[in-house]
Every structure is written in C-alpha cells, then in structure tokens.
Amino acid sequence: MTRPIIEMKNVAKSFGLFQALHSIDLSVREGEIVVIIGPSGSGKSTLIRCINQLEEHNGGTIIVDGMEVGRGRKRAVLTEVGMVFQSFNLFPHMTVLRNVALGPVRVRGLSWVAAEERAERLLARVGLADQAAKYPAQLSGGQQQRVGIARALAMEPKVLLFDEPTSALDPEMVGEVLDVMQQLAKTGVTMVVVTHEMGFARKVADRVVFMDGGRIVEEGPPDEIFNTPRDPRLRSFLQAVLSH
Amino acid sequence: MVTNAEALSVMSIFDTFLNWKVFVQTLPLLLSGLTTTLTLGVTAIVLGFIGGLVLALVRLYAKTPLRQVAVAYIDVFRSIPILVLLVVIYYALPFVGLRLSSFGAAASALSLVSAAYSAEIFRAGIEAVPKGQFEAAHALGLSPWRLMSDVVLPQALRIVIPPITSNSINVMKDTALASVVAMPDLLKQATQAQALAANPTPLISAAIIYILILMPLVRLVGVFEKRLAVRGR
Ligand SMILES: Nc1ncnc2c1ncn2[C@@H]1O[C@H](COP(=O)(O)OP(=O)(O)O)[C@@H](O)[C@H]1O
Ligand SMILES: [Mg+2]
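Residue numbers (my numbering), protein chains in the order written: chain A, 1 to 244; chain B, 1 to 233.
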C-alpha cells in the first residue's frame with residue numbers, strides 16, 4: 001500500500017546554462033499528500049512539471065508507477081498523472097462538460113455518452129452540476145479551477161499535480177477551490193501540491209517539502225516544518241509568508 | 001438647366017459605356033465567364049487552404065529536412081509573381097512533357113501561391129494559441145494528432161478567419177490573370193464580347209460584377225476585424 005508511486009533520484013534540470021533543479025531526491029508514496037513550498041523562482045513548478053514531463057529533466061531518473069519517464073520514453077504512464085494549472089488552461093471553445101469528457105474519450109477510449117456521464121458526476125462532485133452546458137469564459141475563476149480539477153479527475157489518475165491552483169484567483173474564491181482539494185485528499189488519491197496557502201499545507205499535507213535555489217532544503221511533516229523549522233532559509237521564508 | 005447638347009453627351013456616354021442592348025446581348029457570355037471564374041477561384045481557395053494547413057504543420061512540427069523543404073516552398077512561392085508562374089506552367093512545362101489545360105494551369109498557379117500565403121497565416125494562428133492549451137492537452141495525454149484537431153486547430157482557425165478571407169479575396173481577384181492563358185473567365189469573355197459588340201459595355205459590366213461579388217467579402221473582413229478588436233485581448 002505504501003510503495004512509492006513517484007521516485008525522483010538525483011534529478012537535474014537546466015534551461016540553457018541556468019540550472020533550475022539540483023540533484024532532487026523525492027519519493028511520494030501512494031495516497032500521500034505532499035505540499036511543496038518555497039520562494040518564487042525556487043524550482044517548484046519545474047519540479048512538478050518534470051514529473052509529468054511538461055519539462056524534460058536532463059539528469060537523474062524519474063520513475064512513475066514503476067516506469068521510468070522522460071528522455072524519449074513512451075508517455076503511456078503519464079496518463080496516470082493529472083495536472084491542475086495556475087491559469088486553469090481550460091479549452092475555451094468547448095463546453096464545460098466537453099472539457100471534462102474529452103480526455104476519457106480520446107485517451108481512455110470511452111464513448112461520449114459514458115464520458116459525459118462521468119463528467120456530470122465529477123462536476124456534481126466539485127459543485128458545478130448546473131454549469132455543464134456553459135463555456136469556460138462564462139464561469140468565475142474559482143468555478144473554472146474546479147472544472148480544471150474535474151477535468152484532471154476524469155482521467156482517473158493515480159497522481160494529481162497542482163501548480164499553485166489558487167494563485168490566479170480573487171481572494172474570495174480561494175476557499176471554494178481549497179475545499180474541493182481537501183475533499184479530494186480524503187479519497188486516497190496521491191497529490192503533489194505547489195501552493196502558498198500555508199493553512200492548507202498545515203491541515204492537509206502528510207509531508208511538506210521546502211525548496212530554495214533549485215534544491216530541496218528541508219522536508220517533514222507539517223508540524224515539524226511550521227513549528228520547528230531548522231534551516232534558516234525556511235525560517236525566513238515562513239516569517240515572510242506568515243507575517244501577513 | 002441642362003442644355004440640349006449636354007443632355008445629348010450624357011446620353012451618348014451611357015450609350016457607349018452602359019448600353020442596355022449590348023448588355024442584354026452579351027450577358028450570357030459574361031455569365032458563362034463568371035461561372036468559370038468562380039469555379040477557378042473556389043478550387044484555388046480550397047486547394048490553397050488545405051495545402052497551406054499542411055505546409056504550416058510541416059513547417060512547425062516536422063523534422064529538419066522536411067521542415068526546410070516547407071520553408072523553401074513558402075519563401076519561393078511568396079516571391080514569384082503569379083503571372084510569371086502561370087506563364088511558366090502553361091508555356092514552359094509542355095517542354096518537359098507536362099501539358100496542362102488553361103484551367104489546370106491557372107488553378108495550379110493560384111493554388112501553389114495561395115498555399116504559401118495561407119501557410120504563413122496558419123502558422124501565425126497556431127502560434128497565437130496560448131502555450132497553456134498545449135500543456136493542458138499534453139497533461140491529459142492527448143496524442144499529437146488529437147492535440148491539433150481537438151484543441152489547437154479549432155482555436156487557431158477562429159483566429160485566422162479574417163486573414164484567410166483576405167487571402168481568398170486576393171485569389172479571386174487573381175483569377176483574372178487566367179485570361180492570359182486563354183481561359184474563358186469573366187475578364188476574357190468580357191474582352192471577347194467587347195470585340196464582338198464593338199462597344200465597351202461588357203468590360204464595364206464585368207468590372208461591376210467583380211465588385212459586386214468581392215465587396216461583401218471585403219466588408220466581412222472589416223466586420224471580423226472590428227469584432228476581434230472589440231473582444232480585445
Ligand atoms: N522555460 C524556461 N526557460 C528558462 N528558464 C526557466 C524556464 N522555466 C523556469 N525557468 C527558471 O527556472 C527557475 C525556477 O522556475 P520555477 O520552477 O517556475 O520556479 P517556481 O515555480 O518555484 O516559482 C526560475 O529562475 C525561472 O526563471
Ligand atoms: Mg511556479
């Protein structure tokens with residue numbers, strides 16, 4: 001039950017001459033909720049984008065669900081990894097229902113009828129049953145992001161990646177998205193979440209990972225990270241984000 | 001207020017340039033020319049559209065040798081004057097055993113050039129689709145083909161409607177060049193009719209027909225552009 005579903009070993013990633021990730025070692029167990037925190041530019045996005053190969057790493061190994069990914073390998077296992085983006089990235093020319101049903105039809109081979117049934121169920125789960133026929137532009141940011149979550153869930157992924165899912169939202173909509181994510185965390189799906197919402201990290205994370213300068217500087221259960229931070233960089237980061 | 005002499009000269013201008021009798025006599029000829037012009041234009045527009053889309057995709061996503069072929073094609077066919085290309089196809093290719101009808105030659109010349117222009121329009125349209133759309137499609141695991149057909153192209157096509165319409169107007173106008181290779185298009189038939197009737201009315205009529213057909217499209221581009229500007233970024 002607790003085998004690692006993601007294993008990153010000595011992973012490095014450079015953009016030209018600039019090295020964004022340095023020897024990252026991170027493994028995530030099945031069902032675990034890992035929250036990644038750290039200052040802007042510390043490599044959080046790059047790290048999770050390497051997991052689903054939106055960025056190709058150029059050193060070390062990444063194993064997802066028992067299969068190594070990247071460097072020309074088949075992408076099949078990556079359909080087990082869903083992603084929720086900061087800017088939602090919904091498909092603007094499709095209804096909400098289509099957005100959610102598309103992946104299951106095109107990738108999993110479901111019929112449109114079966115996929116739309118699944119989509120309706122998931123939209124109900126994120127509280128948007130009555131918005132299925134609308135287009136993304138007709139929804140609020142919070143609603144759009146909940147569609148983004150439903151779209152990722154529709155693939156029934158083993159791992160869900162979130163890259164600052166609430167950072168583009170007006171403050172009054174952050175709560176509705178975090179609520180959905182918290183509900184999700186209870187269902188046993190593995191989640192890797194980049195966020196600046198420290199309350200969410202404290203409440204929901206099994207483990208918090210702090211990054212700085214492209215390295216994992218400190219990691220541990222939320223209690224330890226927030227109450228007894230050891231590294232001075234983590235301490236000053238927490239001071240900065242918790243002071244307002 | 002109008003003197004007799006002036007009235008007479010106005011009458012004679014009408015008799016010369018918009019002579020009703022001549023118009024009625026030559027109308028069948030003009031309409032057959034119009035049919036040819038429209039067939040040629042639509043053929044070239046459709047072939048240019050398909051060719052342009054393929055060229056754009058090759059230019060954007062194919063591996064180097066093939067990509068370079070697309071780049072070279074696009075540059076060459078945007079540089080060559082259509083009239084020159086048409087004459088080469090019609091009069092030079094027979095020397096290597098390739099003899100095309102005047103319709104075939106004109107349709108080839110127009111499509112080859114239109115494909116090159118359309119390719120650049122499609123490329124700009126695809127590049128205008130936000131990066132996040134590609135990433136969301138990748139993250140779902142869509143195949144490259146599905147990523148294009150389901151996500152990127154529907155958005156890119158919407159973006160390119162105004163410039164593609166503009167290009168189609170140009171193709172329609174350029175069909176008149178086909179009269180050079182003896183194709184019985186609207187212009188050719190009008191010239192013929194003028195010779196027969198010894199009166200320029202058919203030419204004036206042809207000019208008016210071109211305008212009547214193309215002006216709505218020109219207006220349409222204006223509407224598209226205004227709508228895009230209003231929707232803003
Ligand atoms: N595509 C890219 N090209 C060049 N540099 C990049 C690219 N993506 C990220 N970087 C750089 O890598 C570093 C880490 O970026 P990122 O992972 O986005 O940080 P974070 O998500 O923690 O804010 C930053 O310095 C950023 O400028
Ligand atoms: Mg980031």
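Derived from the structure by calculation, the hints contain no laboratory data.
Yeah, the Cβ is synthetic: ideal placement off N, Cα and C, and Gly gets one too.
Heads up, a few of these hints could be off.
To list a few chain A residues with every Cβ distance to chain B over 12 Å, as calculated [stated by the list, open to error]:
1) 12
2) 52
3) 85
4) 87
5) 106
6) 117
7) 155
8) 183
9) 232
Simulated restraints on C-beta separations [unchecked claim]:
10) B:79 to A:58: 53 to 61 Å
11) A:137 to B:13: 51 to 59 Å
12) B:143 to A:220: 52 to 60 Å
13) B:165 to A:75: 33 to 41 Å
14) B:61 to A:129: 32 to 40 Å
15) A:111 to B:27: 29 to 37 Å
16) B:222 to A:188: 32 to 40 Å
17) B:143 to A:129: 55 to 63 Å
18) A:113 to B:170: 42 to 50 Å
19) B:54 to A:111: 49 to 57 Å
Cut-off 25 Å, straight-line C-alpha distance, at most; resulting in silico cross-link-like pairs (DSS-like, lysine-lysine) [to be verified]:
20) B:173 to A:74
21) B:226 to A:74
22) B:63 to A:134
Checked hints:
1. 12: holds (22 Å)
2. 52: Incorrect as stated: the minimum Cβ-Cβ distance to chain B is 6 Å, not above 12 Å.
3. 85: violated (6 Å)
4. 87: Violated, because the least Cβ-Cβ distance between residue 87 of chain A and chain B comes to about 6 Å, which does not exceed 12 Å.
5. 106: Given that some Cβ of chain B is not farther than 12 Å from that of residue 106 of chain A, nearest at about 5 Å, it is violated.
6. 117: holds (18 Å)
7. 155: Violated, since 7 Å does not exceed 12 Å.
8. 183: With a cut-off of 12 Å, residue 183 of chain A remains clear of chain B, as the shortest Cβ separation is near 22 Å.
9. 232: With a cut-off of 12 Å, residue 232 of chain A remains clear of chain B, as the shortest Cβ separation is near 35 Å.
10. B:79 to A:58: 53 to 61 Å: Distance hint for residue 79 of chain B, residue 58 of chain A is violated at roughly 40 Å.
11. A:137 to B:13: 51 to 59 Å: Holds, since residue 137 of chain A and residue 13 of chain B (Cβ atoms, about 57 Å apart) stay within the stated range.
12. B:143 to A:220: 52 to 60 Å: violated (41 Å)
13. B:165 to A:75: 33 to 41 Å: Given range 33 to 41 Å: holds, Cβ gap about 38 Å.
14. B:61 to A:129: 32 to 40 Å: Distance hint for residue 61 of chain B, residue 129 of chain A holds at roughly 39 Å.
15. A:111 to B:27: 29 to 37 Å: violated (56 Å)
16. B:222 to A:188: 32 to 40 Å: Since residue 222 of chain B and residue 188 of chain A have Cβ atoms about 57 Å apart, the given range 32 to 40 Å is violated.
17. B:143 to A:129: 55 to 63 Å: violated (30 Å)
18. A:113 to B:170: 42 to 50 Å: Check passed, 45 Å falls within 42 to 50 Å.
19. B:54 to A:111: 49 to 57 Å: violated (31 Å)
20. B:173 to A:74: With Cα atoms ~50 Å apart, residue 173 of chain B and residue 74 of chain A exceed 25 Å; violated.
21. B:226 to A:74: violated (45 Å)
22. B:63 to A:134: violated (39 Å)
This entry does not satisfy hints 2, 3, 4, 5, 7, 10, 12, 15, 16, 17, 19, 20, 21, 22, going by the numbered hints stated previously.
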